[in-house]
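*Asks:* If you want the building blocks of each chain, they are given just below.
2 protein chains.
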Amino acid sequence: MSKVSSERAPHVPVSASDRTWSSAGRAAIVCIGDELNRGEVVDRNAAWLGEQLSDLGYQVMWRFGVNDIESDMIEALRRACSCASVVLVSGGLGPTSDDLTVDVAAGLIGSSAVVDQAHEDRLRARFAERKRDVPALALRQVRVPAGATVLANPVGLAPGFAIHHEDCELFFMPGVPAELKAIFATAIAPRLRQRLPAAYSQQKTTLRVFGLTEGQTDQKLRDLLPELVAAGRDGLAPTRTTLHYRLAFPEILVTLVTTGDTTDAQTHHMGLLRKVRDRLGDAAYGELADELPLVIGRALRQAGAKLATAESCTGGLLGALITGVAGCSDYYQGGVISYANEAKVQQLGVREETLLQHGAVSRECVEEMARGARERFNTTYGVAISGVAGPGGGTPEKPVGTVHIAVCGPMGIEARAIYWPGDREDIRRLSAITALHLLLRAIRATDPSKKTEAL
Amino acid sequence: MSKVSSERAPHVPVSASDRTWSSAGRAAIVCIGDELNRGEVVDRNAAWLGEQLSDLGYQVMWRFGVNDIESDMIEALRRACSCASVVLVSGGLGPTSDDLTVDVAAGLIGSSAVVDQAHEDRLRARFAERKRDVPALALRQVRVPAGATVLANPVGLAPGFAIHHEDCELFFMPGVPAELKAIFATAIAPRLRQRLPAAYSQQKTTLRVFGLTEGQTDQKLRDLLPELVAAGRDGLAPTRTTLHYRLAFPEILVTLVTTGDTTDAQTHHMGLLRKVRDRLGDAAYGELADELPLVIGRALRQAGAKLATAESCTGGLLGALITGVAGCSDYYQGGVISYANEAKVQQLGVREETLLQHGAVSRECVEEMARGARERFNTTYGVAISGVAGPGGGTPEKPVGTVHIAVCGPMGIEARAIYWPGDREDIRRLSAITALHLLLRAIRATDPSKKTEAL
Numbered sequence: 539m540s541k542v543s544s545e546r547a548p549h550v551p552v553s554a555s556d557r558t559w560s561s562a563g564r565a566a567i568v569c570i571g572d573e574l575n576r577g578e579v580v581d582r583n584a585a586w587l588g589e590q591l592s593d594l595g596y597q598v599m600w601r602f603g604v605n606d607i608e609s610d611m612i613e614a615l616r617r618a619c620s621c622a623s624v625v626l627v628s629g630g631l632g633p634t635s636d637d638l639t640v641d642v643a644a645g646l647i648g649s650s651a652v653v654d655q656a657h658e659d660r661l662r663a664r665f666a667e668r669k670r671d672v673p674a675l676a677l678r679q680v681r682v683p684a685g686a687t688v689l690a691n692p693v694g695l696a697p698g699f700a701i702h703h704e705d706c707e708l709f710f711m712p713g714v715p716a717e718l719k720a721i722f723a724t725a726i727a728p729r730l731r732q733r734l735p736a737a738y739s740q741q742k743t744t745l746r747v748f749g750l751t752e753g754q755t756d757q758k759l760r761d762l763l764p765e766l767v768a769a770g771r772d773g774l775a776p777t778r779t780t781l782h783y784r785l786a787f788p789e790i791l792v793t794l795v796t797t798g799d800t801t802d803a804q805t806h807h808m809g810l811l812r813k814v815r816d817r818l819g820d821a822a823y824g825e826l827a828d829e830l831p832l833v834i835g836r837a838l839r840q841a842g843a844k845l846a847t848a849e850s851c852t853g854g855l856l857g858a859l860i861t862g863v864a865g866c867s868d869y870y871q872g873g874v875i876s877y878a879n880e881a882k883v884q885q886l887g888v889r890e891e892t893l894l895q896h897g898a899v900s901r902e903c904v905e906e907m908a909r910g911a912r913e914r915f916n917t918t919y920g921v922a923i924s925g926v927a928g929p930g931g932g933t934p935e936k937p938v939g940t941v942h943i944a945v946c947g948p949m950g951i952e953a954r955a956i957y958w959p960g961d962r963e964d965i966r967r968l969s970a971i972t973a974l975h976l977l978l979r980a981i982r983a984t985d986p987s988k989k990t991e992a993l
Numbered sequence: 539m540s541k542v543s544s545e546r547a548p549h550v551p552v553s554a555s556d557r558t559w560s561s562a563g564r565a566a567i568v569c570i571g572d573e574l575n576r577g578e579v580v581d582r583n584a585a586w587l588g589e590q591l592s593d594l595g596y597q598v599m600w601r602f603g604v605n606d607i608e609s610d611m612i613e614a615l616r617r618a619c620s621c622a623s624v625v626l627v628s629g630g631l632g633p634t635s636d637d638l639t640v641d642v643a644a645g646l647i648g649s650s651a652v653v654d655q656a657h658e659d660r661l662r663a664r665f666a667e668r669k670r671d672v673p674a675l676a677l678r679q680v681r682v683p684a685g686a687t688v689l690a691n692p693v694g695l696a697p698g699f700a701i702h703h704e705d706c707e708l709f710f711m712p713g714v715p716a717e718l719k720a721i722f723a724t725a726i727a728p729r730l731r732q733r734l735p736a737a738y739s740q741q742k743t744t745l746r747v748f749g750l751t752e753g754q755t756d757q758k759l760r761d762l763l764p765e766l767v768a769a770g771r772d773g774l775a776p777t778r779t780t781l782h783y784r785l786a787f788p789e790i791l792v793t794l795v796t797t798g799d800t801t802d803a804q805t806h807h808m809g810l811l812r813k814v815r816d817r818l819g820d821a822a823y824g825e826l827a828d829e830l831p832l833v834i835g836r837a838l839r840q841a842g843a844k845l846a847t848a849e850s851c852t853g854g855l856l857g858a859l860i861t862g863v864a865g866c867s868d869y870y871q872g873g874v875i876s877y878a879n880e881a882k883v884q885q886l887g888v889r890e891e892t893l894l895q896h897g898a899v900s901r902e903c904v905e906e907m908a909r910g911a912r913e914r915f916n917t918t919y920g921v922a923i924s925g926v927a928g929p930g931g932g933t934p935e936k937p938v939g940t941v942h943i944a945v946c947g948p949m950g951i952e953a954r955a956i957y958w959p960g961d962r963e964d965i966r967r968l969s970a971i972t973a974l975h976l977l978l979r980a981i982r983a984t985d986p987s988k989k990t991e992a993l
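From first to last, the protein sequence lines stand for chains A and B.
In this text, residue positions in the first sequence follow the numbering used here: the first is 539, and each later residue adds one.
In this text, residue positions in the second sequence follow the numbering used here: the first is 539, and each later residue adds one.
Rather than coming from a laboratory, the hints here were simulated on the basis of the structure.
In this text, all values refer to a predicted model and were calculated from it rather than measured experimentally.
Think of the CB as a built atom: it goes at the ideal place given N, C-alpha and C, for glycine as much as any other residue.
Errors might be hidden in some of the hints.
Claimed, not checked - Computed list of chain B residues with no C-beta within reach of chain A, every gap over 12 Å:
{"hint": "1", "residue": "Asp641"}
{"hint": "2", "residue": "Gly645"}
{"hint": "3", "residue": "Gly648"}
{"hint": "4", "residue": "Ser650"}
{"hint": "5", "residue": "Thr687"}
{"hint": "6", "residue": "Ala723"}
{"hint": "7", "residue": "Thr724"}
{"hint": "8", "residue": "Phe748"}
{"hint": "9", "residue": "Lys758"}
{"hint": "10", "residue": "Pro764"}
{"hint": "11", "residue": "Ala768"}
{"hint": "12", "residue": "Gly770"}
{"hint": "13", "residue": "Asp816"}
{"hint": "14", "residue": "Gly819"}
{"hint": "15", "residue": "Ile956"}
{"hint": "16", "residue": "Leu968"}
Stated by the list, open to error - Here are some of the chain B residues that sit facing chain A, going by a computed Cβ distance under 10 Å:
{"hint": "17", "residue": "Gly588"}
{"hint": "18", "residue": "Gly872"}
{"hint": "19", "residue": "Ala970"}
Throw the hints in and build the complete structure from the sequences for me.
*Replies:* Set out below in structure tokens:
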């Protein structure tokens with residue numbers, strides 16, 4: 539990996555097409571709450587909304603974060619309206635006295651806060667179910683500005699709502715992520731789709747790449763740059779694609795975004811995507827949604843194969859990744875966390891002389907761990923990890939970051955030694971992910987028909 | 539837990555003292571980068587900087603997020619200066635053509651970009667070490683505005699810098715988190731400390747609470763509200779404390795922030811903190827830095843005790859949490875991920891008739907799993923988890939979210955059945971955390987002298 543570029547901005551645009559959207563596609567995000575500005579809560583809502591807006595073809599021009607202070611909230615909404623035609627607002631819709639968003643929004647359109655009957659009924663029913671009285675304060679959260687369009691909250695108690703102000707449409711959602719997402723998906727996304735010109739479209743695909751450095755990826759894709767802009771059909775505006783990659787170590791995410799007339803954009807996008815995949819080959823193991831444990835699960839299920847794990851330094855992280863996938867009991871039998879050497883010997887059958895001669899962090903040890911897991915759990919594949927995660931425990935021969943990984947299965951046994959940079963958490967995470975990649979290669983190598991399954 | 543409040547804003551201020559800081563303490567954060575606005579990268583830099591500023595006694599008034607567009611960047615810096623006296627800027631200092639921050643900052647003070655000799659020398663040395671030529675583009679990242687104060691980058695290649703504009707001090711850092719943090723800690727925090735009045739001080743303590751609902755916590759602390767403001771010594775301004783709690787399910791974080799003259803603030807803060815701890819009792823199991831696996835580790839090490847785990851639905855998550863702590867080999871032997879029923883029988887000695895009669899998700903099964911782990915790994919304590927993490931696998935008797943946890947040790951065996959809300963990931967995370975809490979109680983119950991160890 540090219541050190542200079544990896545040390546720098548995580549997002550490297552290979553080529554940017556023109557950066558100015560039509561004014562109808564310009565959006566802004568306002569997130570309200572002291573706890574966000576104080577940094578006690580990371581503003582994931584802004585990121586989630588930004589992603590949704592981008593996927594819909596909008597460009598997020600500004601993000602604003604303000605405290606629960608009325609004058610600042612008013613100013614943020616005004617500023618957002620001045621730079622965008624769509625404004626998404628998160629937070630400040632709760633029942634407590636510092637939840638001021640309804641009143642601020644009402645003020646903006648010269649209206650006042652009123653209770654929404656449907657949400658009040660729902661709130662009263664919920665309290666009645668639990669045989670509890672409704673506290674006076676609770677009713678604050680079912681208010682909306684008079685004249686606003688109410689956006690039903692399918693999850694929680696507080697309604698979202700939409701208002702118009704100066705050629706701008708503002709959508710308000712509670713800051714609780716599950717409620718924000720539900721209201722956005724059911725009530726806001728459909729409206730946003732309608733707002734854009736019918737023929738206009740954005741296509742976006744992200745490929746997950748493993749086993750190439752950023753420099754190598756760049757090298758393979760560089761000759762596609764002249765093809766990123768294509769002339770439009772029948773006098774239509776040209777179709778433009780941006781191609782950028784982002785390091786999500788140890789993977790690289792390669793993203794293509796194509797905008798233009800719908801038919802043109804689809805054709806152009808699919809054509810470029812095919813070329814990008816050709817050039818990257820097996821290294822592009824899936825699309826963004828194809829998270830590695832999912833791809834592994836599909837490959838194992840398709841092969842009718844079973845898996846067991848043996849972990850030392852990762853201490854269960856590998857198992858936790860594999861079992862994050864619903865339905866993994868179809869192929870995952872279980873594993874041993876053999877943190878102590880005694881556990882390696884007793885639970886996995888690692889030989890004491892192996893530990894004495896080569897140590898627990900060695901090719902010999904992980905091979906015996908992988909074999910032990912495969913035999914004891916009676917599976918097709920066994921995967922083992924042993925390493926020095928640090929910060930202590932390093933030696934001149936085996937410094938912190940030294941990790942051995944082995945995969946055994948029908949193809950025999952394969953082992954790999956890796957030296958990771960980073961802290962304990964990094965080293966453990968990278969080890970677990972790399973073990974999964976080695977496993978995926980072993981499965982695909984065993985049955986060549988699975989090679990392109992994820993694509 | 540009070541459903542209404544838990545569904546709402548995660549941050550509930552019990553009482554806010556006055557919310558307007560002196561103008562010297564007002565700060566703003568500007569984060570630059572398309573990838574942030576598109577939501578491809580979550581803006582953790584803003585949260586981290588917000589936390590640092592709060593801890594130093596500053597109030598973050600606004601957060602701005604803009605794309606790599608020159609006119610927007612200029613406008614964001616101007617707006618930030620108009621609402622704050624300290625502005626922290628992240629991003630856009632890299633070597634590529636869309637890194638525009640140096641030029642924008644230079645424009646703001648009517649200056650131009652120049653190469654910083656010290657950082658250029660360092661860059662050339664780095665390339666020479668690797669026997670690589672310096673590409674012309676790489677030199678872009680060692681530029682600063684002429685007249686700016688250079689802030690050395692101890693980690694990466696691009697220097698940070700500080701400039702003055704309209705009574706406002708602006709600090710610029712690269713967006714790469716490790717570099718931003720290093721520059722902030724070494725070069726910016728010391729300057730920010732100096733800017734505040736010498737006698738002024740802020741004390742902040744956060745307690746971790748487990749086993750009380752939000753309502754119960756509120757009830758126990760409500761009578762302290764009149765004590766939050768205390769008169770100042772010798773005509774000094776009064777000392778003010780804010781007390782707020784935030785749900786980090788299944789825990790509650792209770793935070794006290796006291797501001798005022800240094801001596802007064804310390805006395806007031808410590809006095810209130812003592813009272814808060816008295817009222818919360820054992821439920822307040824540690825401070826913010828006392829993450830649960832650390833507290834468990836200290837307790838086990840102090841008791842000279844060893845631990846083994848047996849996991850079904852969590853699939854290694856419990857082990858991964860425990861082994862996230864450096865030096866855990868002092869007390870953690872290992873565990874079995876017994877995902878399949880065969881693994882429960884063969885690797886942990888769960889009886890087949892237990893599985894037949896009660897099923898894998900039952901008190902009887904987790905008790906046998908915990909005993910099996912304790913015996914096979916020859917440890918003081920064994921902890922086991924088995925549950926229905928979903929989305930499939932639920933039945934009317936054992937719906938998704940049903941989880942059994944058992945701890946066995948010198949005190950005998952204790953089991954608990956819990957019904958979690960949420961998705962697969964939530965259910966698994968909550969189960970692992972709760973298992974650790976039950977373990978901590980067992981350790982403290984076994985040796986009463988450890989009871990207040992974490993406090």
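*Asks:* Taking the hints in turn, state whether each one holds.
*Replies:* Structure-based check of each hint:
no.: 1; hint: Asp641; result: holds (15 Å)
no.: 2; hint: Gly645; result: holds (19 Å)
no.: 3; hint: Gly648; result: holds (25 Å)
no.: 4; hint: Ser650; result: holds (22 Å)
no.: 5; hint: Thr687; result: holds (22 Å)
no.: 6; hint: Ala723; result: holds (15 Å)
no.: 7; hint: Thr724; result: holds (17 Å)
no.: 8; hint: Phe748; result: holds (18 Å)
no.: 9; hint: Lys758; result: holds (19 Å)
no.: 10; hint: Pro764; result: holds (18 Å)
no.: 11; hint: Ala768; result: holds (22 Å)
no.: 12; hint: Gly770; result: holds (25 Å)
no.: 13; hint: Asp816; result: holds (25 Å)
no.: 14; hint: Gly819; result: holds (24 Å)
no.: 15; hint: Ile956; result: holds (19 Å)
no.: 16; hint: Leu968; result: holds (14 Å)
no.: 17; hint: Gly588; result: holds (3 Å)
no.: 18; hint: Gly872; result: holds (4 Å)
no.: 19; hint: Ala970; result: holds (9 Å)
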